[in-house]
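*Asks:* Using the sequences provided together with the hints, build the complete structure.
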Amino acid sequence: MTLYFTSEHEWLRVDGDTAVVGITQHAADELGELVFVETKSAGTQVKAGEAVAVVESVKAASDIYAPVDGEIVEGNAALADDPSTVSSDPQGAGWIVKFRLSNPAQLEGLMDAAAYAAFVG
Numbered sequence: 230m231t232l233y234f235t236s237e238h239e240w241l242r243v244d245g246d247t248a249v250v251g252i253t254q255h256a257a258d259e260l261g262e263l264v265f266v267e268t269k270s271a272g273t274q275v276k277a278g279e280a281v282a283v284v285e286s287v288k289a290a291s292d293i294y295a296p297v298d299g300e301i302v303e304g305n306a307a308l309a310d311d312p313s314t315v316s317s318d319p320q321g322a323g324w325i326v327k328f329r330l331s332n333p334a335q336l337e338g339l340m341d342a343a344a345y346a347a348f349v350g
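In our numbering, the protein residues as written are 230 to 350.
Simulated from the structure, these hints should not be mistaken for laboratory data. Heads up, the beta-carbon is just placed ideally off N, CA and C, and yes, glycines get one too. A hint or two may mislead.
Only pairs whose alpha carbons sit at most 30 Å apart, straight line, appear in this in silico DSSO-like list of lysine-lysine [to be verified]:
1) K269 - K327
2) K276 - K288
3) K327 - K276
4) K288 - K269
5) K288 - K327
Now the in silico label distances, taken between C-beta atoms and shown as ranges [to be verified]:
6) V264 - G321: 16 to 22 Å
7) K276 - S317: 29 to 35 Å
8) G278 - H255: 17 to 23 Å
9) E237 - F265: 17 to 23 Å
10) N332 - A271: 16 to 22 Å
11) D292 - R329: 28 to 34 Å
*Replies:* Written as structure tokens, this is what we have:
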């Protein structure tokens with residue numbers, strides 16, 4: 230598995246042609262505790278930069294964007310009952326969507342962990 234990051238504060242954990250996407254710890258800290266998460270439906274085709282989910286905290290509502298092109302295969306259904314999981318474990322159980330990559334070459338334009346750490350520095 231390989232981990233990538235975006236300038237929009239999403240992370241992707243890639244395994245083969247599938248990616249799990251969520252928000253980074255930095256984004257979770259900025260948003261505060263989440264009270265609502267809604268993802269697009271399985272089977273939805275998305276292009277890089279298109280919204281795949283909406284998260285809402287007591288501070289703000291934010292879109293979560295597709296870092297690369299793909300098809301959503303699953304939303305994290307557990308977040309409907311406990312959206313605060315995104316806040317408490319954003320890069321683990323708080324993942325938001327899984328999708329099948331359409332163009333793996335797009336991963337080359339994303340940051341690795343060191344580059345993301347420097348970005349939020």
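*Asks:* Next step is simple, just say for each hint if it's right about the structure.
*Replies:* Right, here's what the structure says about each hint:
1. K269 - K327: holds (11 Å)
2. K276 - K288: Holds. K276 to K288 sits at ~28 Å (cutoff 30 Å).
3. K327 - K276: With Cα atoms ~14 Å apart, K327 and K276 stay inside 30 Å; holds.
4. K288 - K269: holds (22 Å)
5. K288 - K327: Holds: K288 and K327 sit about 26 Å apart, inside 30 Å.
6. V264 - G321: 16 to 22 Å: holds (19 Å)
7. K276 - S317: 29 to 35 Å: holds (31 Å)
8. G278 - H255: 17 to 23 Å: holds (20 Å)
9. E237 - F265: 17 to 23 Å: The hinted range 17 to 23 Å holds for E237 and F265, with Cβ atoms some 19 Å apart.
10. N332 - A271: 16 to 22 Å: holds (19 Å)
11. D292 - R329: 28 to 34 Å: violated (21 Å)
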